[in-house]
Amino acid sequence: MTPAAPRELTVCLGQAARVAGQLSHFRQGPREASSFAYDPAWLAAADRFTLSPDLALVAERQYRKAPSKIDSVFHLALTDTAPDGWGRRVIARDHARRRQGEARSGRPLPAALTELDYLLCVDDVSRVGALRLRDQTGVFLRATQEGGRAIPPLFELQHLLSASRAVELGKESAADLRFLRGQGTSLGGMRPKCSVQDDDGCLAIGKFPSVGDDRSVVKGEVLALQLAKAAGLDAATARVVHAGGDRAAPVALIRRFDRLPDGSRIPYLSAASMLQASREDERAYAEIADAILANGANPRTDCHELWRRIVFSLLITNVDDHLQNHGFLHAVHGQWRLAPAFDINPFPDKDRELKLWLTEDSGPVADIDVVMSAAPRFRLAPTEARRILGKVVKATGEWRRVAAGKTIGMTRREIDDFAPAFEHGQREAAIRWLQR
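Quick note on numbering: the sequence shown equals residues 151 to 586 in the numbering used here.
Any given hint could be a false lead.
[As the list claims (entries may be wrong)] DSBU-like, lysine-lysine: derived pairs with alpha carbons at most 30 Å apart:
#: 1; residue 1: Lys215; residue 2: Lys379
#: 2; residue 1: Lys379; residue 2: Lys541
#: 3; residue 1: Lys219; residue 2: Lys379
#: 4; residue 1: Lys541; residue 2: Lys505
#: 5; residue 1: Lys500; residue 2: Lys544
#: 6; residue 1: Lys505; residue 2: Lys379
#: 7; residue 1: Lys505; residue 2: Lys544
#: 8; residue 1: Lys500; residue 2: Lys556
#: 9; residue 1: Lys505; residue 2: Lys219
#: 10; residue 1: Lys379; residue 2: Lys544
#: 11; residue 1: Lys219; residue 2: Lys556
#: 12; residue 1: Lys556; residue 2: Lys544
#: 13; residue 1: Lys541; residue 2: Lys556
#: 14; residue 1: Lys505; residue 2: Lys215
#: 15; residue 1: Lys379; residue 2: Lys321
[Claimed, not checked] Across the chosen pairs, the derived CB separations fall in these ranges:
#: 16; residue 1: Ala380; residue 2: Ala569; range: 26 to 32 Å
#: 17; residue 1: Ala325; residue 2: Gly484; range: 21 to 27 Å
#: 18; residue 1: Ala325; residue 2: Arg211; range: 38 to 44 Å
#: 19; residue 1: Ala194; residue 2: Asp431; range: 34 to 40 Å
#: 20; residue 1: Gln308; residue 2: Ala191; range: 42 to 48 Å
#: 21; residue 1: Gly484; residue 2: Glu432; range: 54 to 60 Å
#: 22; residue 1: Ser218; residue 2: Gly547; range: 40 to 46 Å
#: 23; residue 1: Gly362; residue 2: Gly394; range: 16 to 22 Å
#: 24; residue 1: Ala380; residue 2: Ala516; range: 21 to 27 Å
#: 25; residue 1: Arg168; residue 2: Lys541; range: 52 to 58 Å
Keep in mind that the hints were calculated from the coordinates and are not lab data. Built from N, CA and C at the ideal position, the CB exists for glycine as well.
Model the full assembly from the supplied sequences, consistent with the hints where possible.
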């Protein structure tokens with residue numbers, strides 16, 4: 151089969167659109183691959199840095215193909231900007247609808263979607279991190295159509311929620327898909343969500359309730375993030391808003407942490423990208439700590455922060471802590487710092503065992519005693535580990551009060567639904583640690 155002509159794009163950085171290199175995408179039948187070459191001016195710059203751990207600062211073109219069916223054909227920093235499971239679902243359904251329309255009209259069908267098509271369907275304004283993609287005509291992809299808004303404002307939450315529910319139920323219209331298309335994000339999974347503009351103009355993510363929810367997952371995530379801040383974690387700012395008024399559906403509004411107040415973009419890498427990990431790999435928090443020590447702008451502080459997150463996740467049963475749910479923001483001169491904690495959720499219906507192992511030898515995190523014994527691995531003295539544990543225990547012990555407060559507004563039944571995530575044997579074990 152004759153390969154299709156490569157598609158060429160310029161990779162730029164930040165609001166200033168500083169040229170960093172050239173991306174090429176290749177397709178031959180179902181097989182896809184990509185390559186990247188740094189721009190000579192980037193390589194010569196005093197403030198250059200490696201955009202992705204798998205892209206050495208060399209002049210030669212560097213190639214990549216997916217190492218497995220579930221991995222990306224793009225180098226890892228670019229993969230981090232691609233749409234998540236929900237975004238891909240919206241894109242695929244929109245494409246299928248357009249193919250159906252062309253088939254009925256007798257016109258040629260649009261080509262099957264490639265991984266590059268998915269990558270380019272993310273709106274340029276909301277693309278995670280600082281990397282941007284520009285075509286040969288100088289247009290940033292995905293560009294907003296003339297006269298349209300790149301990011302919907304908060305007052306359109308009800309429309310966004312209705313469109314998302316229609317997609318979940320398989321009853322979406324072409325207008326629903328047009329409204330959602332491009333507004334997905336890579337920071338998440340299969341749950342419905344959309345990029346939105348907060349009342350002060352800042353970029354945020356709106357996370358919606360799913361038609362399949364049997365508890366208030368939206369309120370649970372905001373509760374977890376607010377408790378995280380109280381426990382001393384650096385966590386994303388979140389609040390509950392309502393689509394269509396106070397009695398309407400709750401929406402978790404989470405501020406984007408890869409933007410500065412003036413809209414400037416901060417380069418971002420997931421922990422999976424920092425570790426160059428396949429989605430099939432079993433990895434450990436200790437490996438993230440090693441990456442912090444090797445690449446961190448403030449390694450001691452970030453190692454302590456990482457250990458605090460382990461304790462917090464165990465005590466609230468946040469067991470969806472895979473590598474895509476941890477990230478890094480570029481600080482200066484190729485050094486990185488931990489991004490604020492995000493995608494933290496209490497899971498009252500799951501076993502209390504974190505997805506990531508504690509160390510390469512100790513296995514999954516399921517026991518506070520093991521976490522405490524591993525504190526030195528994260529550059530923590532015993533007294534400091536005990537102090538952190540005490541603060542996390544105190545903050546998470548306030549969960550019922552915070553959940554019932556005005557900012558979250560859980561009902562008594564909703565609180566009872568979450569109780570097993572917060573009230574369990576590991577919390578009791580942590581309290582015993584503090585009483586020694």
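Honestly, which of those hints from before does the structure not fit? Result: hints 1, 3, 11, 15, 16, 17, 21 and 25 break, sorted rising.
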